[in-house]
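2 protein chains.
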Amino acid sequence: MTQKLIGACVLAQSGGPTAVINASAYGVIKTAMESEEITRVFGAAHGITGILNDMLYDLDKEDPEELKFLMNTPSSELGSCRYKLEGEKDLARILEIFKKYDIRYFFYNGGNDSMDTCLKVSEYMMESGYECRVIGVPKTIDNDLVGTDHCPGYGSAAKYIATSFAEVYKDAIVYNTGAITVLEVMGRNAGWLVGASALAGLSNAAPDLIYLPEVPFNLDDFLDKVEAIYKEKNNCVVAVSEGIKYSDGTFVSEAKPSTTDGFGHEQLGGLAATLAAVVGHRTGAKVRGIELSLLQRCGAHLASQVDIDEAYLAGKCAVESAIAGENGKMVALNRVSNNGEYGCEIIFQPLTVSANLEKTVPLDWINSDGTNVTQDFIDYVLPLIQGENTRVTVNGLPRFANLKKIKAEA
Amino acid sequence: MTQKLIGACVLAQSGGPTAVINASAYGVIKTAMESEEITRVFGAAHGITGILNDMLYDLDKEDPEELKFLMNTPSSELGSCRYKLEGEKDLARILEIFKKYDIRYFFYNGGNDSMDTCLKVSEYMMESGYECRVIGVPKTIDNDLVGTDHCPGYGSAAKYIATSFAEVYKDAIVYNTGAITVLEVMGRNAGWLVGASALAGLSNAAPDLIYLPEVPFNLDDFLDKVEAIYKEKNNCVVAVSEGIKYSDGTFVSEAKPSTTDGFGHEQLGGLAATLAAVVGHRTGAKVRGIELSLLQRCGAHLASQVDIDEAYLAGKCAVESAIAGENGKMVALNRVSNNGEYGCEIIFQPLTVSANLEKTVPLDWINSDGTNVTQDFIDYVLPLIQGENTRVTVNGLPRFANLKKIKAEA
Numbered sequence: 001m002t003q004k005l006i007g008a009c010v011l012a013q014s015g016g017p018t019a020v021i022n023a024s025a026y027g028v029i030k031t032a033m034e035s036e037e038i039t040r041v042f043g044a045a046h047g048i049t050g051i052l053n054d055m056l057y058d059l060d061k062e063d064p065e066e067l068k069f070l071m072n073t074p075s076s077e078l079g080s081c082r083y084k085l086e087g088e089k090d091l092a093r094i095l096e097i098f099k100k101y102d103i104r105y106f107f108y109n110g111g112n113d114s115m116d117t118c119l120k121v122s123e124y125m126m127e128s129g130y131e132c133r134v135i136g137v138p139k140t141i142d143n144d145l146v147g148t149d150h151c152p153g154y155g156s157a158a159k160y161i162a163t164s165f166a167e168v169y170k171d172a173i174v175y176n177t178g179a180i181t182v183l184e185v186m187g188r189n190a191g192w193l194v195g196a197s198a199l200a201g202l203s204n205a206a207p208d209l210i211y212l213p214e215v216p217f218n219l220d221d222f223l224d225k226v227e228a229i230y231k232e233k234n235n236c237v238v239a240v241s242e243g244i245k246y247s248d249g250t251f252v253s254e255a256k257p258s259t260t261d262g263f264g265h266e267q268l269g270g271l272a273a274t275l276a277a278v279v280g281h282r283t284g285a286k287v288r289g290i291e292l293s294l295l296q297r298c299g300a301h302l303a304s305q306v307d308i309d310e311a312y313l314a315g316k317c318a319v320e321s322a323i324a325g326e327n328g329k330m331v332a333l334n335r336v337s338n339n340g341e342y343g344c345e346i347i348f349q350p351l352t353v354s355a356n357l358e359k360t361v362p363l364d365w366i367n368s369d370g371t372n373v374t375q376d377f378i379d380y381v382l383p384l385i386q387g388e389n390t391r392v393t394v395n396g397l398p399r400f401a402n403l404k405k406i407k408a409e410a
Numbered sequence: 001m002t003q004k005l006i007g008a009c010v011l012a013q014s015g016g017p018t019a020v021i022n023a024s025a026y027g028v029i030k031t032a033m034e035s036e037e038i039t040r041v042f043g044a045a046h047g048i049t050g051i052l053n054d055m056l057y058d059l060d061k062e063d064p065e066e067l068k069f070l071m072n073t074p075s076s077e078l079g080s081c082r083y084k085l086e087g088e089k090d091l092a093r094i095l096e097i098f099k100k101y102d103i104r105y106f107f108y109n110g111g112n113d114s115m116d117t118c119l120k121v122s123e124y125m126m127e128s129g130y131e132c133r134v135i136g137v138p139k140t141i142d143n144d145l146v147g148t149d150h151c152p153g154y155g156s157a158a159k160y161i162a163t164s165f166a167e168v169y170k171d172a173i174v175y176n177t178g179a180i181t182v183l184e185v186m187g188r189n190a191g192w193l194v195g196a197s198a199l200a201g202l203s204n205a206a207p208d209l210i211y212l213p214e215v216p217f218n219l220d221d222f223l224d225k226v227e228a229i230y231k232e233k234n235n236c237v238v239a240v241s242e243g244i245k246y247s248d249g250t251f252v253s254e255a256k257p258s259t260t261d262g263f264g265h266e267q268l269g270g271l272a273a274t275l276a277a278v279v280g281h282r283t284g285a286k287v288r289g290i291e292l293s294l295l296q297r298c299g300a301h302l303a304s305q306v307d308i309d310e311a312y313l314a315g316k317c318a319v320e321s322a323i324a325g326e327n328g329k330m331v332a333l334n335r336v337s338n339n340g341e342y343g344c345e346i347i348f349q350p351l352t353v354s355a356n357l358e359k360t361v362p363l364d365w366i367n368s369d370g371t372n373v374t375q376d377f378i379d380y381v382l383p384l385i386q387g388e389n390t391r392v393t394v395n396g397l398p399r400f401a402n403l404k405k406i407k408a409e410a
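Line by line, the protein sequences give chains A and B. Residues in the first sequence are numbered from 1 upward in steps of one, following our numbering. Residues in the second sequence are numbered from 1 upward in steps of one, following our numbering.
Derived by calculation from the structure, the hints in this document are not laboratory data. Watch out, some of these pointers could steer you wrong.
As the list makes no split between identical chains, a pair holds if one copy fits it or if it spans any two.
Straight-line distance between alpha carbons at most 27 Å, and here's what the computed DSSO-like set of lysine-lysine pairs gives [what the hints assert, rightly or not]:
#1 Lys245 x Lys286
#2 Lys61 x Lys404
#3 Lys61 x Lys405
#4 Lys99 x Lys4
#5 Lys286 x Lys84
#6 Lys30 x Lys233
#7 Lys84 x Lys231
#8 Lys231 x Lys405
#9 Lys359 x Lys245
#10 Lys4 x Lys30
Treat the numbers as computed from the prediction; the structure is a model and nothing was measured.
Next up, chain A with everything else stripped away, as it sits in the complex (with noise of 0.2 Å):
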């Protein structure tokens, strides 16, 4: 059996935000509150930053009915980082603030990078004979990460897609004028974010076309496909991802400016309003380019109640794992059947299983010209945006909690 470990816990959160991180975060801080084992409960200020600064949060002194609104709070409450930890240094500081403050526990929410800093801190522990137990909590609306079915943040930021996009084309398809919209999704590599858009026609409003960075992009294709819908529908509705590439690897966001195809300037305003451009320059239609930006990964209000019981699931169990001597793992969900109706469970997986990965959609989920997605990705991602949140409302208006964020003593 396991030896009780006894100590205080710190939480820190990572990389860009999620609709649904606080509710990860609560799952730790409440879990580890109830613990005997777990004396203090920390937060870091901004990721592992606020270890290396000594700038902890006394979770502790904070009301507990004002932490249950994390539940419902989107963004990183604590404060994030993109902080790759300097070798040796870093690491013998971590473990200097972890004396401390008799840190014994140390759950860390991020994305691939933290669980690879996870991996250097539990390693670094280990070799110095100071005993804490490390776990990652996953998160990241991109569900890029190898070693779990998928990854808290992800379907809220699904739901929000689809949503928008379900919205946006009743609105893009309105005058008999005519008109070409081109929306922009997030998603650097893999396009599980984009392919959510086609869970708009489910409302009966799917984008015409969805192009995801799993397919080399073609400009004149792209052209060919949008004019032929425009003319015979009188509008068209682009999906694209941010990631998109043409065939020698070069985004097409970064392409070089042309004269000749409407690319005469170099954009600012992103990919959305180039494509925008270039097509309405082929097909002299309106043309708008609306890029989701902040709002799909912010979206606490359209944030699924999967998505959020999920989140809290994964920081409850980070904490009841450590406290039953686990060590040096990442918490993953895997996709379970309950008499065919999707169930999921946590699982643990080692901390190096996502590093210098990433989870891309397979090419068979994607249709045969790579302008959409099939049902296998419909069927996948349906069951991750179900439930409307039970968020609560003041004068009609989220609301978040409000931390006393007040500095810990040691």
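Take the given structure of chain A and dock chain B to it, following the hints.
Relative to chain A, chain B alone:
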């Protein structure tokens, strides 16, 4: 007593869509179908052009249960247009179609221009001795119609804007490396929409600066203020109206390029991207421009129940009043106090009330340095965003009305 007028009615939708224009449509359709006087209910395809082109839908052939979903279907389900009547020829054609279908009631759901169309149609029918009652039903997210306290469509757009600003604010401040975020909101000449971003303050997530089109824009002053806030807080979130203008009246969005201030290229990406680039040039900060674009006017999932109810009521009262003998009027909303609580009653205004006028934000509802709205503004808009709508979702996605849209026969 007014004589009973027996005959068909036609409803048409015009101008830019809103999240609740179809709730007004349902108010018209349901009330007309239940009336004894109205024999048939038609919907014109794409506004007045559907009448000119003899393209009417026979709404009596729709499933009444399906029509109910119009209450939560964004955009103009019958299609819209931006067509200005071309004098006598068009009016004569409208009379011809009205006679063909025995149309005795005409309901036009639109903004300023639509009220002008209503007036012309109304006057022409009277001159021609053809008895037909004409009522305008207002809609616009811009809230710039004169003669009504506020306009159906505005409250829902305001709620979408306030919620989205609150969420994006949480995301925009997440990194300790700092950021400046510029969000662009619709409103060519009136600041009602951009001012609604101030409501995010009730979620403790207000933008730091708000620029309305009512106040001349000064780029140097803007840069000074953004830089000062960024230096103090490490973050700055700015709301700008698409319609901000320099003191000479030129739109900032159409400003001529210059190589010295960062306006180095003409931008397709819009005002937010341009201002973000300029402010990044000045401060060296990480910047992001976000345009709420069509999302803000079709975000039915965030429609306010108050707005939905008022939109429905406007349509319902239009029909009831026409049956009772009203003609050549615009439905308007009058704010009343119900024991100190917000209330709203329907009144009728001459169709000329809003002609060639735009209702802008009173200057004393804008703070002295032109970078925010006052409590009077908040008090005005807050009642209009109340109530989470009771929309139906299926599979986690919006359930829109699916009309058959069968072409009418005379």
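Each hint, compared with the structure:
In this homomeric assembly, Lys245 and Lys286 come within 27 Å of each other (Cα to Cα) both inside a single copy, at 25 Å, and across copies, at 25 Å. With identical chains, the CA atoms of Lys61 and Lys404 are at most 27 Å apart within one copy only, with a shortest distance of 8 Å there and 59 Å across copies. Only within a single protomer do Lys61 and Lys405 lie at most 27 Å apart by alpha-carbon distance; the minimum there is 8 Å, versus 61 Å between protomers. In this assembly of identical chains, the alpha carbons of Lys99 and Lys4 lie at most 27 Å apart only when taken from the same copy (18 Å versus 88 Å across copies).
For a Cα distance limit of 27 Å, the shortest separation of Lys286 from Lys84 across copies, 19 Å, qualifies, whereas the shortest one inside one copy, 45 Å, does not. Taking CA atoms no more than 27 Å apart as the test, Lys30 paired with Lys233 passes in neither setting, with 53 Å inside one copy and 30 Å between copies. For the identical chains of this complex, Lys84 and Lys231 are inter-copy neighbours only, at 25 Å across copies versus 50 Å inside a copy, given an alpha-carbon limit of 27 Å. Taking the shortest Cα distances, Lys231 and Lys405 sit within 27 Å of each other only across copies (22 Å), while inside one copy they are farther apart (57 Å).
Proximity of Lys359 and Lys245 under a CA criterion of 27 Å is satisfied intra-copy only: 17 Å inside one chain copy versus 47 Å between copies. Taking the shortest alpha-carbon separations for Lys4 and Lys30, only the intra-copy value of 19 Å comes in at or below 27 Å, while the best inter-copy value is 68 Å.
Of the hints listed earlier, the one the structure fails to meet is number 6.
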